[in-house]
Amino acid sequence: MNNEITGAEIVLKSLAEQGVEVVFGYPGGAVLPIYDTLFKQNSIKHVLVRQEGGAIHAAEGYARSTGKTGVVLVTSGPGATNVVTGLTDAMMDSVPVVCITGQVPTHLIGSDAFQECDTTGITRPCTKHNYLVKDVNKLSSVFHEAFTIAQNGRPGPVLIDIPKDVQFAKGSYEEKNKIIIPSHRLFEPSPDFEKSKIHEAVELIAKAKKPIFYIGGGCINSGPKASRLVREFINMVGSPVTMTLMGLGVVGSSDKNSLGMLGMHGMYEANMAMHECDVMINIGARFDDRVTGRLDAFSPNSKKIHIDIDESNINKTINVDVPIIGDVKQVVEKMISIWKDKKYKIDTDSLKLWWDKINKWKEIDCLNYKNEGKQIKPQYAVQRLYELTKNTKTFVTTEVGQHQMWAAQFYKFEEPNRWLTSGGLGTMGYGFPAAIGAQVGHPDALVVDIAGDASILMNIQEMSTAVQYRLPVKIFILNNEYMGMVRQWQELLHGGRYSESYTDSLPDFVKLAESYKAVGLRAKTTDELDDVITQMIETKNTVIADIWVTKEENCFPMIQSGSAHNEMMLSKDQKQDKKSAEKGKILV
Amino acid sequence: MNKSVYASPDQVSETKRHILTVLVDNEPGVLARVIGMFSGRGYNIDSLNVAEVSNDENISRITIVTHGTSEVVSQIEKQLLRIVPVHSVTNLDQEGSSVEAEVALVYIYISDTNKKKVYQLCDLYRARKIENENNTTIFEIAGASERVNRFIKEINEITKIEIVRSGPVAISSIQKNEEE
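Heads up: the sequence lines are chains P and R, in that order. Here the working numbering is used: the first residue of the first sequence is 1, the next is one more, and so on. Here the working numbering is used: the first residue of the second sequence is 1001, the next is one more, and so on.
What the hints contain is simulated information worked out from the structure, not anything from laboratory work. Source: prediction; values computed, not measured. Take the hints with a grain of salt, since some may be wrong.
Unchecked claim - Mimicking DSS-like on lysine-lysine, the simulated pairs with C-alpha atoms at most 27 Å apart in a straight line are:
#1 R/K1078 / P/K195
#2 R/K1129 / P/K303
#3 P/K357 / P/K209
#4 P/K256 / P/K304
#5 R/K1078 / P/K304
#6 P/K197 / R/K1078
#7 P/K362 / P/K256
#8 R/K1078 / P/K329
Turn these sequences into a full structure, and let the hints steer you where they fit.
Put into structure tokens, the structure is as follows:
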């Protein structure tokens, strides 16, 4: 009984034992005891955001750039509801986050108390798991289980709701290694998982004439070793490889086998190769609708291998021939050893013919655009940014929209964990707080948020956070005064009626930066662009670079909704046939 | 599986009734997690039944009757398994052999004119009259859902009733060598 400490102290002790270095949060009435305990210790750093939504995206950025679990601390009621978007984002993109929310005292729950909400009820569908802890003696075991669940199997967000009286109450602390988590609560593939399936898969790859690897974010979640193994295996096979938005960096852009990104705004050659391949090896991707296009025309003649840690992804939208449930690094390691043991070698003649075909598709040069006079094309801006930062350790985050796609197309990633973007949920406002989180995790690296003028305003309040903690995050705004992607869809599908997609009264971003005591820069012409980028990189302070780009540029190539991989639109002169356009219009 | 142009092109099997039996940790919110998954992903629940089945281990069994194609039901099973407190999911239709039963309590409006017919029918279906101090005519009938359905249909032709049904519970009848 002498060893009893308060609930708030248990929270901090659990975090410390879990190796947490930083918490992103915002105080409020129902978490004051935890903030009081935080005040009395030095091992865990707290980053004060300016809105709780910023805290959770920062934790996501921290988690995805470091591979550690991001931690968020917010109050009850509005504090909790403000993190819902970020929790959903982390759920969709499988990001390990533990979110601590305060709750009104136990005896007030259900009485519509001030700042009360049903936090566990609201967040149940957008977390991997959540807890309402009513007994202080269960607090430490809940924390240790929460961290394990967040990281285990397919990672995701876990929320712990703690009533204020539980934070004050005294109880005992149990250490991490004393907690036994029943196996059904975790994902644990059996040690000899799917052996026969793996053999079948490797044999299928060895016999392929037109193979393609389709790589997703699961490879990044499996850790850097997974990326190394995936690269090694692809090199052994000699097969082309394409990556999803979430998988960029698993295989380097400069790798001779890489065809770049696939999907709605992916590379022509990548989508065509997916359409015509005979064996598709999906590693850690989930046949998302942005990737597949029309399902009944998706890669019609291929045998499909699907490696995924989450069984519910198997046959969810696309039926596959060889499903393998497991962690990427374990499965691919096994595949490599089978390939070596059996001395497999792919038929080089067929592979050469396949590459010849792919190289023909490459000649289309699908990302081609023309500079017009001195106006800055958004694609050119990203290209210059890449050229001027490629020799620096750089993390790139994005918001959501056209700029996100141009960043994915024109910024070349050579390493995993360097590219942070909201893929599944498509959350505008993700990029800037995520960049703050990445910068906290990597104080000496260059962190650039490639943003749009509309998206950046969704979490612009975090300027104050970035400046307070001297985080030299660079915000690179491709400013076209439009919600560009909305405008593009309105142009292509809604007769050019630009309903509410033009932003009038945008702030002067340079002055806005200055008002936060950050640095504001602006480039209006191609002549100014390189100087602005260089100055941005060299400034050891938070920077907003306002890049004025051509206003009505569209993001191509594009598979319009309702179309198939081999029906890509390369420019706006190429119209989608009317019937599939009508069908596509109802889709997102 | 869904009805858009993104719908799966693969041959879909016919829609069938399935009984899923789900073992879960008996902790707060577990039922909400299960039914929330159904409503959130657009699946059907025809009936649902939950009760604790082992006191010492705090385990409850949820019996869910749903309908869907085998693809949809297989997806339901996998989604259920993702829920942290879920131990196991068994599709009793795939097990091949199972026993199911449900209970209905029926308040029957009895008058002198229909009394005889009602009692005859209740006898036939082995519906048991529940005695209570109010001397109301409440009958209990247990058994397979079709049997309960037939009873209700026939009694409805005689008189007005009020009814509450538990929905089916079911258990595999395959002989097991070892208890789990």
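Verification of the supplied hints:
no.: 1; hint: R/K1078 / P/K195; verdict: holds, 21 Å
no.: 2; hint: R/K1129 / P/K303; verdict: violated, 62 Å
no.: 3; hint: P/K357 / P/K209; verdict: holds, 12 Å
no.: 4; hint: P/K256 / P/K304; verdict: holds, 23 Å
no.: 5; hint: R/K1078 / P/K304; verdict: holds, 20 Å
no.: 6; hint: P/K197 / R/K1078; verdict: holds, 19 Å
no.: 7; hint: P/K362 / P/K256; verdict: holds, 13 Å
no.: 8; hint: R/K1078 / P/K329; verdict: holds, 23 Å
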